[in-house]
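Residue numbers (our numbering), protein chains in the order written: chain F, 4 to 148; chain S, 4 to 148; chain E, 4 to 148.
Check each hint, because a few of them may be wrong.
Said to hold, decoys possible - Cut-off 30 Å, straight-line C-alpha distance, at most; resulting in silico cross-link-like pairs (DSS-like, lysine-lysine):
1. 65/F / 124/S
2. 115/F / 65/E
3. 112/E / 61/S
4. 68/F / 65/S
5. 61/E / 124/E
6. 38/S / 38/E
7. 115/E / 65/S
8. 38/E / 112/F
9. 61/E / 103/F
10. 68/S / 61/E
11. 112/E / 103/F
12. 112/F / 68/E
13. 124/E / 103/S
14. 38/S / 38/F
Claimed, not checked - Some, not all, of what chain E presents toward chain S, calculated at C-beta under 7 Å:
15. 46
16. 48
17. 105
18. 108
19. 126
20. 130
21. 136
Stated by the list, open to error - Residues from chain S that keep clear of chain F, each with C-beta distances beyond 12 Å, as calculated:
22. 66
23. 85
24. 86
25. 95
26. 101
27. 108
28. 119
29. 122
30. 133
Note that these hints are calculated values from the structure, not bench results.
For glycine and all other residues, C-beta sits at the position ideal for the given N, C-alpha and C.
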Amino acid sequence: MTHVNKLLGTLMSGALVLGALTLPAAANAMDPLVKPKVVFQVSESDPAKWNLALNNAKNVQKDLKGATIEIVAYGPGIGMLKADSEVANRVSDAVDSGVKVVACGNTMKGQKLTKEDMNPKIHYVQAGVVELMDRQMEGYSYIRP
Amino acid sequence: MTHVNKLLGTLMSGALVLGALTLPAAANAMDPLVKPKVVFQVSESDPAKWNLALNNAKNVQKDLKGATIEIVAYGPGIGMLKADSEVANRVSDAVDSGVKVVACGNTMKGQKLTKEDMNPKIHYVQAGVVELMDRQMEGYSYIRP
Amino acid sequence: MTHVNKLLGTLMSGALVLGALTLPAAANAMDPLVKPKVVFQVSESDPAKWNLALNNAKNVQKDLKGATIEIVAYGPGIGMLKADSEVANRVSDAVDSGVKVVACGNTMKGQKLTKEDMNPKIHYVQAGVVELMDRQMEGYSYIRP
Chain F
4 MTHVNKLLGT
14 LMSGALVLGA
24 LTLPAAANAM
34 DPLVKPKVVF
44 QVSESDPAKW
54 NLALNNAKNV
64 QKDLKGATIE
74 IVAYGPGIGM
84 LKADSEVANR
94 VSDAVDSGVK
104 VVACGNTMKG
114 QKLTKEDMNP
124 KIHYVQAGVV
134 ELMDRQMEGY
144 SYIRP
Chain S
4 MTHVNKLLGT
14 LMSGALVLGA
24 LTLPAAANAM
34 DPLVKPKVVF
44 QVSESDPAKW
54 NLALNNAKNV
64 QKDLKGATIE
74 IVAYGPGIGM
84 LKADSEVANR
94 VSDAVDSGVK
104 VVACGNTMKG
114 QKLTKEDMNP
124 KIHYVQAGVV
134 ELMDRQMEGY
144 SYIRP
Chain E
4 MTHVNKLLGT
14 LMSGALVLGA
24 LTLPAAANAM
34 DPLVKPKVVF
44 QVSESDPAKW
54 NLALNNAKNV
64 QKDLKGATIE
74 IVAYGPGIGM
84 LKADSEVANR
94 VSDAVDSGVK
104 VVACGNTMKG
114 QKLTKEDMNP
124 KIHYVQAGVV
134 ELMDRQMEGY
144 SYIRP
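Only chain F is shown next, with the shape it has when bound in the complex (with noise of 0.2 Å):
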């Protein structure tokens, strides 16, 4: 039985790494091991709305220390990002403060914007919207203001 027993030890072992592995998102909320992750998806070009994302973000950072929090702004959104934007001083704040801020490329050429437009501040990808489906895979909450 000696080998039997360290064969069952091995596998319980093996059980709990795959349990580990294997821990669905669904799980997560009981799991206070596992950090809370939120996107928010800016596409409008409303100063009001741009002002709620940030309220929000701040909201997260008070109740939930430790979330990670990203903002992704594209099409009539991307207008929250730039330098003269009337929340940049908030978006540099909350950049501060640890909330990743991405800009979408696709809306910046399509726009024709550079990095010189832009919040000093701010992260680019490619495209805003695979950006939101990449965050979603990888666990995040989604809210769209």
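Chains S and E: place on chain F using the hints.
Same frame as chain F, but now just chains S and E:
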């Protein structure tokens, strides 16, 4: 071989339990035992959007008997849940029919609203946006009408 | 030990199969074999939003070859899929390029629309909102332009 067979049996049933525990969200659609769950976000001050969210909830109730339905109102959407909201009766009916309706505490504080201002049938959460994240982490689908 | 080794091999391969079956949605982003899937919601009567959704779908096709793309129109968004919609040609092109486009049956009933009123290339579901829930449960990312 008896011990080994017994061990095999034990491990097989263990694997089945493990499989059940780690069934991913993506497989739920195929599992008739998984009750569908959906959270609706209302974050606009537009009564047409409030009615659309309430219509959506009704359609889910009609087509997916037993589904868990929650409506979260925050930001400019909080007006939907005031006692004097033009959809107050419909909100009360939704609650009576089993829909959970929650208001964002951060928004209420910001707009200096108290529970006396609100529909008496609703629930409250500290942050609407965190509720929306939590529900998605728990496997709820997200709909933003 | 031969039996035990064989048993170990059987169980290890079983564990691999189990691991593959229970791979959670959150891990898909890292797995090149998992085809990305996305469902776009169109629920506004604004043609700018219809064009944005169609642009988004195009960008996904460009940047994520082989992605599964679906557009669900319901409520005030149903106009996008009418035969005389100002984006009717773009909708037809999207279908021809592999995008699945579906209209909400509940909305059509409510607006007294028949299939004769609609773009002949589209599909139909009983409830757009249930389609959006089902797709998310199947692991689709959700984008609401």
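Pair hint outcome, residue 112/E versus residue 61/S [Cα-Cα no greater than 30 Å]: holds, 15 Å
Holds or violated: residue 61/E to residue 103/F, with C-alpha atoms at most 30 Å apart: holds, 25 Å
Is the interface hint for residue 46/E satisfied, with its Cβ closer than 7 Å to some Cβ of chain S? This interface hint holds because 6 Å falls under the 7 Å limit.
Is the nearest Cβ of chain F still more than 12 Å from the Cβ of residue 85/S? holds, 19 Å
With a cut-off of 7 Å on the beta carbons, see whether residue 126/E makes it to chain S. Hint violated; residue 126/E Cβ to chain S Cβ min 17 Å, cut 7 Å.
Would you check whether the claim that residue 86/S is not at the interface survives, using Cβ distances to chain F and the 12 Å cut-off? holds, 24 Å
Does the claim that residue 119/S lies outside the interface with chain F hold up, using a Cβ gap greater than 12 Å? Its Cβ never comes within 12 Å of chain F, the nearest being 23 Å, so this holds.
If you draw a straight line from the CA of residue 124/E to the CA of residue 103/S, is it 30 Å or shorter? violated, 38 Å
Report holds if the minimum CB distance from residue 95/S to chain F is greater than 12 Å, and violated otherwise. Residue 95/S is indeed farther than 12 Å from all Cβ atoms of chain F, at 27 Å.
Residue 122/S clear of chain F by more than 12 Å, beta carbon to beta carbon? holds, 22 Å
Was the hint right that residue 130/E lines chain S, CB cutoff 7 Å? holds, 5 Å
Given the proposed pairing of residue 68/F with residue 65/S, does the C-alpha separation stay at or below 30 Å? Status violated; Cα separation ~39 Å.
Figure legend: structure checked against the earlier numbered hints; hints not met, in rising order: 4, 10, 11, 13, 16, 17, 18, 19, 27, 30.
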